[in-house]
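Given the structure of chain A, go ahead and fit chain B onto it with the hints provided.
Protein chains: 2
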Amino acid sequence: MTQDPQEAVVEEVEPPEEDHLAFSRKDVAAILYSVDVGDREKLVELMEPLHPADIADMLEQINAFDRMRLIKLYDKEFDGEILSELDESIREDVILALHPEVLADAVRELDSDDVVDLIEDLDAAQQSAILEVLEDSDRVAVEQSLTYPEYSAGRLMQREVVMAPEHWNVGEAIDYLRATDDLPEQFYHIVMVDPKLRPVGNVALGRLMASRREILLRSLIEDTFHVIPVTRPEAEVAYAFNQYHLISAPVVDESERLVGVITIDDAMNVLDEEHEEDILRLAGVGEESRLSDNTLETVKQRLPWLAVNLLTAVLASLVIAQFEDVIGAVVALAVLMPIVASMGGNAGTQALTVAVRSLATRDLTSSNVWRIIGRELTVGLVNGVCFAVVMGVLALFWFGSPVLGVVIASAMVINLVVAGLAGIGVPVVLERFGVDPALASGTFVTTVTDVVGFFAFLGLASAVLL
Amino acid sequence: MTQDPQEAVVEEVEPPEEDHLAFSRKDVAAILYSVDVGDREKLVELMEPLHPADIADMLEQINAFDRMRLIKLYDKEFDGEILSELDESIREDVILALHPEVLADAVRELDSDDVVDLIEDLDAAQQSAILEVLEDSDRVAVEQSLTYPEYSAGRLMQREVVMAPEHWNVGEAIDYLRATDDLPEQFYHIVMVDPKLRPVGNVALGRLMASRREILLRSLIEDTFHVIPVTRPEAEVAYAFNQYHLISAPVVDESERLVGVITIDDAMNVLDEEHEEDILRLAGVGEESRLSDNTLETVKQRLPWLAVNLLTAVLASLVIAQFEDVIGAVVALAVLMPIVASMGGNAGTQALTVAVRSLATRDLTSSNVWRIIGRELTVGLVNGVCFAVVMGVLALFWFGSPVLGVVIASAMVINLVVAGLAGIGVPVVLERFGVDPALASGTFVTTVTDVVGFFAFLGLASAVLL
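These protein sequence lines are chains A and B, in that order. For what it's worth, UniProt numbering labels the leading residue of the first sequence as 1, then goes sequentially. For what it's worth, UniProt numbering labels the leading residue of the second sequence as 1, then goes sequentially.
Since the hints were derived computationally from the structure, they do not count as laboratory data. Treat each hint with caution, since some may be false.
Identical chains share a label here; the pair holds if one copy fits it or two copies do between them.
To be verified - Here are the computed lysine to any residue pairs in the SDA-like style, where the Cα-Cα straight-line distance is at most 25 Å:
1. LYS26 - GLY374
2. LYS76 - ALA129
3. LYS42 - GLN322
4. LYS76 - TYR244
5. LYS300 - THR361
So here's chain A without its partners, still in its complex pose (with noise of 0.2 Å):
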């Protein structure tokens, strides 16, 4: 029925399906405390309702105890879909953890494509673990996708394909899948293959619904067909799913082969993992940095980055300290000296964010930078003026010096027009020289401001007051 179903007719009454939310601390407590009491019946009963992403999650929320006590009493119900689930930073625990009858029936109910996402950063001895226990046409199939590079296409993609010559009709396409035992579990369309195996189009099922027997597949095929080589960098197929509205696209060896297709969600799935190295990365925290992570890791991943803070920070101290005279004769300046810092940073940071940003999304490119650039120039330095006009006014009530309020506006006008450029700059030709933008723009960034900033301000000072 597609007609709008505000109109049809009503017949007989029945509850609609309770969809899945995620569950609630309650769950949690209720859950954790069937795990004290050891009571495994109320365990399974409290876990069944529980899609096996939320259950992953509740694993990574709870305390490393809890999470063993929990695997080993759930035991033979542990299902494959909540490892896949699982972050990797706890992942190889709870393998560890499982009985390894209840691991190889968990692994056996994957996907092949799970399977390699989930073994492809165990250690050498794990992995070969669960290989053995994959049946033989499985285990093959996961040994060639490692074969190709991590972060791959070839590593995204399953290997099932439902794909058409380009000369069937409808008809011979529907009997034929219709006649078919092996389907995929999930597929969209059929992909319509020359005889060299080359993928030509893509039909979509409904389009073959909704056709005649004896229309030509190649006259459904879609507009937007998007062949992917196996070795292209995920995070360059989710952008072509997300730009070109895929919801599959085939995956094509260097003779340009169909060998396997990637599906949507996958895409999706990436293009959120991109999002949270971008804006872990721009934060200076480790990008496989998680929740679940203990405290020890989480150091380990926070400390280079406040190291390198540091030492900008002493080569800012190193400006200061080239103007301890004039701070010693007015001390106003080492009182008003981190505003200018602060508002250069910011301003820095704002610029900065907006191109590491763009430069992900393919908005910031070789035919606009340079009008980027003159505008985040602009931008410094009209909010430069704006908040010279604002801090000289401040300092000189505050100080009842003129002299010092014009020694401050004109340093936040220099700074902010700096912190504009940098903003852009640095992430560019980061990017040019082949850095993610996202990982080491701020540090330069704020470095450049603070040192500019402290400069400015104390030289123009030690020049006009001593």
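Structure of chain B alone, referenced to chain A:
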């Protein structure tokens, strides 16, 4: 053919279709040249292979003058999909630049959900201009969608749904689909409904194809089935799609009747926008910020956040001002104090970013918040002690003062512990009060670390050194 593609037989040769990759700088230059010389034929030829999403990107990247000339020259080739791919910031200008008839044709090509997305941000006059050119049924659909709250599932869904009563078998469903003229362009599931039109399950088209005619639809429904209330915020819809790997999900009104369906490509788009908002908000840039904004627009977005930052920077300066005496006596304090504040700000931002991201992905919940707070405190303590030792030794050698070394070491420990606490505490508290933690946390946290850093360092110094 579902067999492994590697095994299939080669029959005849034909080249694969070109895939449409993003345009290069050269393409843009060639297009702009054709606009310069007014060569319409060449322009159309150059634009023809480009995907509407890429054309929209290009229109965003070139300047306003070139954009208008290009649109005038391209004229009636202008595709509706380009409009729906355009950033809101320039969409209005483009609509104004289009010839009314071209606009009418462009809009009529679009699905009703794309029209909604297109017009929801236009002013009333432009809205009704577009509504007027739609066919009656489309206009009613669009107007009805506009009655749902902005950023709700109701705005996101498409109203055309393929559904079937739950008592049907595969044969009935297939016969029905093949007999129906107006199936939607894209659909991947049949929604099974009870007689009150309440959705009870999804059957994937692939499953339907693979099953015998006499099998009941209800035995084919997917494990994961998620019903979305029409008023649910689109951010939560995107979360559900990503969490549960949904491909499409039925949308219901308050009486639980089916009113539409949301597909994963729209959810992916929302996920992408939500990430953009998070990252821009964290940096104190208006979340509506676009690379295509002009200078004035950009100043207006960034100035308020810089003003907030100025207030907090002045607050920190007021703390410093309390210690003018000790700074005047020991100028080394002015040199070292930014280091303490900077390290605190960085450590706070690290903890904060992980917390904001974890709240967004619902990994940080009431089940684990206390454990994570404990972790952040410990991490702050460990990092604090590490850098306290480094800075203590550095200050000792730099200024030859063991007392100064002890003072900065102590201040470092205090500030990094506070940074950890503020970094996790501020976003959690904001979230409890219903404020987007990405929006305001950064300023709060760095204010805390600046104030505490200066106060601890200078306060200890004046207690010990004066």
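Results of checking the hints against the structure:
Within a single copy, LYS26 and GLY374 get their C-alpha atoms only as close as 55 Å, which misses the 25 Å cut-off; across copies the closest is 22 Å, which meets it. For the identical chains of this complex, LYS76 and ALA129 are intra-copy neighbours only, at 18 Å inside a copy versus 62 Å across copies, given an alpha-carbon limit of 25 Å. Taking identical chains as interchangeable, the C-alpha atoms of LYS42 and GLN322 are never at most 25 Å apart, the minima being 70 Å within one chain and 62 Å between chains. Proximity of LYS76 and TYR244 under a CA criterion of 25 Å is satisfied inter-copy only: 23 Å between copies versus 42 Å inside one chain copy.
With identical chains, the CA atoms of LYS300 and THR361 are at most 25 Å apart between copies only, with a shortest distance of 23 Å across copies and 30 Å within one.
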